[in-house]
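**Student:** Given next are the chains, with one letter for each unit.
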Amino acid sequence: MTAHPSLAHRVKQLSVAQMLAGVGNRLTPYLYLAPALFFIGLFVLWPVARAFYNSLYDGNLLFPYREYVGPERYVDLLTNERFHQILIQSAYYLVLMLAGAFALPILLAIVTLNVTEREIGIFQSVFFLPTVIAANIAVSVWIWFYNPTGGLFNTVLKAFGAEPVVWLRDKDLVIPAVALVAIWKQFGFHYLIALAGLKSVPKDLTEAAAVDGANNRTITRRVILPLFGPTALFLLVITLIQGLEFTFVPIEVLTGGGPAGASSNLIYSIYQEGFRTFRVGLASAQSVVLIVLFGGLAYVQYRMLERNVQYDR
Amino acid sequence: MTASASERLASRTILLFALVLVITPLVYLVGLSFKAPEGIFSNPIVPFSWPLDLTNYRSVLQQMDVPKFFLNSLIYAGGVTLGQLILAIPAAFAFSYYDFRFKNLLMSIVLISLIVPFVVTYVPNYLLLARWGLLNSLAGMIIPMLGISVGFGIFLLRQHFQTFPQEVFDAARIDGANSWQVLWRVLVPSSLAPIVSVAIYVFIITWNRFIWPLLVGGGDPASYTMTVAVDIYYANPESGANWGNLMAASVVSTLPSLLLYIALRKQILRTFIEGAVKG
Amino acid sequence: MRRPKYLLKFAAVHLILALCIVLPLGTAGAQDPVTIEYWNINTDTFGGPQVEALIASFEEANPNINVEPRSFSEYQVLQQTLETAIAGGNPPDVVQTGYPYLNYVGTSLPYVPIRELVEKYGGEEFLAQFPQNILDIPVVGGEQIGMAYSLSVPVVYYNADLMREAGLDPDNPPQTIEEWREAGEIIKNELGIHAIVWGYEQDNWTTQGFINSAGGDLLACVDGEWRAVFDSEEAINGMQTWRDLIEAGYSLDASNEEARQALLAGQTVAWVHSIAARAGIQRDADFDLRATVYPQNGDNPVRVPGGGNFLTIYSQDPAKQEAAWKFMQHLLSPEGFTEWTIGTGYVPLLPGLTEDPAYLADFVAENPIQQVGMDMLEKAVTWVSFPGPNGLAAGLRLHEAAELILSGQESAEVALQDAAFEINDLIAGETCSG
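Protein chains in written order, with the numbering used here: chain S, 1 to 313; chain B, 314 to 592; chain F, 593 to 1026.
Any given hint could turn out to be false.
Claimed, not checked - Some chain S residues near chain F, calculated using beta-carbon distances under 8 Å: (1) LEU56; (2) ASN60; (3) LEU61; (4) THR149; (5) GLY256.
Please keep in mind that the hints were generated in silico from the structure rather than gathered at the bench.
Only a predicted model underlies this, so the values are computations on that prediction, with no experimental measurement involved.
Cβ coordinates follow ideal geometry from the N, Cα and C atoms, glycine included.
Could you put the whole structure together from the sequences, leaning on the hints where they help?
**Tutor:** See below:
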């Protein structure tokens, strides 16, 4: 088992090595980073800057600076009831994504620890399939399932004598219905990560605990879960930050944001204002809100992960 | 860790149940593609019809220039993958091997690039490509996507590189190697597994993208990728979608990612996940 | 000294003479081929082959013009790509614009007005063939921004077999809402399925049909400004009619695709949709498929929005403009319309084509469903599009109101009043002329 050297340790060694080798080029890391940063700067950061700028104006793609609106745009946006509704719906989606794409994969992974290696292989492969398929293709089948007259779900309900449900038009059901599709698509990927995280716990530790008389439950709780922390954190962060993006194609294909905007969320709303109603200024302002919200989250994640890497248990 | 027999049985049942849930939609996807057009509506519940009907596949292969679109997808996904590696490996190296003043800031920038929603980046990049005359070209499809997705590769590879034993580095330095040689002669050869896994994952994700290739390449059939072609040819609401063809075309366009995944499954799963775990 | 000077003058004169001959020859006629782009929403199963045939016949008659078609899955994607293309300095030439975008295009995009095309390249006789109301369809702010092309009207497709099974006479299908209600009761009892389903999308086409046919309107010019007027009693009645049909079980709250599937799966006897879907539904139906006219609501005359698209030109380069204008005239020729109607179902806009045996008379005689489309033509009104930069967002609001009404979440009165209020805010300041 290789130990993970602490950062400070490595820095010390580095400077020693550098002094020994006589290399003192401070610019080297920047040079290595330059190409990647150039691409990121041009194709990501520049559009973000543009978005900040565009948000202060009212206009469409052709005439983005038709009318100056200024910071009032944000005041209007943040006090707008519709926007509040979108934020609430976004939070709802994230809660569901946490349940289905964070908690559920972990629980299922824990359960999987009980079966044989070969079986694990099969489960892993099959669960990952939906992730491998293109989103618009995978989701198109669900249109069938949710079809109110001839779809699978309603036919089954009818067979049991229940009333058919209009899944995608009921404002209370639509978000769970759409979230289900997004979860189905991502589940396998997260499950795999969780499983690998659980299995990477060193055998000697679990065996030692068993020898000490602990039963499975205790082993799981006291030994595996704590060491599973970093993986869990990683999954948590992916689910939160990309959670809304996972729902995008399902919303676009299944409901178009409906009924009456009930299945929309922040990302979809940005898409709608930017690509459908062509209100670029508004779309940019919403993008800024999204970037700020999730940027903060990402930064927190980064610092926590950085700290965790230093742990050497 | 051993489980009791009853625990094992319970676990298996739960997992099997979940398996069925996950796989049902896919069964329908494939099944519908093999159904004759009339059969699709007359009996929607049963996913398969026997014997398997190849009408949909025949129409799809006739109507779509499958080899051309396949090639485009290949070049696009391959180009992005290769480009990503070229950009991300040195960058990850820089983040893991060195300590420098703006390290945290730059890493944050990389991470932020991952959060920016596509709606913000797609259109401005499209306009740039238009100005440079790169629309409807595979190069145009590839270049901005490198900037958009490279952060992911950097992040993952950094996690792996950070676990590389320091002693080997030092030995190489003492032997007189400069950083460039350390990177390409020492680090990369021993990190082939994670690099390959990242490559495969990027390849699959890129292959499956459809909004960006549609925006950039949808203007000329010569630059359609498979996913774009499926959308343009078969998903037209004004006339009523041709379901059988849509499903068949979907299956055809997904096949490569699927085969790649099946063939290299263990590789992908194992080392790629380890990167996430170590992180 | 003298000789060279004389030679020089001699050479200069001849050079100038030569240039006078060669230059005009060189520039006149522009022998280099012009390539133009034709953006459409036609696919292999919907008008695609016709587009190719029309392009082929055009290129044959015009050897130095090359037409590149580009297909999109829906108007919205086309418009979005169009806007980015124009912003990128790369506008297409001839574009099929969906009617919902009429006002938005007319006020926000750099189209080339028909008037300008006629001034520069001629075409008065061409225009004179069309009835004035057809020419007036794509008019915004007094300017004709394109030519009406694919015009569709809603018809009621129905399953004659199922109708017979329910004990009704398929040769005499219901013609009014009331008759459909009665039929609906019978159908529900006999077959346990729906009677007649209207699908709807974000474009408000179906909504407008209900409101107009109940005697209401969507927009009106009030004191020089556009105002939403669909919160009138008539409009509310129209939408309530729709909701009542759904509540009674005779109809469904469905998208176009869901409604179409319902018809094909035998879950409903009838489906109200565009005549443009004719070719596709005839292909997929495995029962006796027929069509009849849009049902009348009470005493109000049937008024339905004409669906489809009109053609607009965006080219800036004169050579391309001229080529595009020629192509447009080709598409709108008798031969062009004949090809188009047969392959799609869109109704031809030149008078007399359907009676002319040289063009569509035979086709219409053999295809009674197409005739229903022709019969509906006189009941067509302009498909309303909301004006101004927020026009598309306004349209979306109206669609949301429809969703609320049809799902039973809000009454027609409340939903329409709220929507009218919001929309008037969005379109405030948009001027109109009488």
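**Student:** So, for every hint listed, does it hold in this structure?
**Tutor:** A quick look at each hint next to the structure:
1. LEU56: Hint on S:LEU56: violated, closest Cβ of chain F at ~16 Å, above 8 Å.
2. ASN60: Since chain F brings a Cβ to about 6 Å from S:ASN60, closer than 8 Å, the hint holds.
3. LEU61: holds (5 Å)
4. THR149: The hint holds - S:THR149 has a Cβ within 8 Å of chain F, the shortest such distance being about 4 Å.
5. GLY256: Hint holds; S:GLY256 Cβ to chain F Cβ min 6 Å, cut 8 Å.
Violated hints amount to a single one, hint 1; each of the other numbered hints is respected by the structure.
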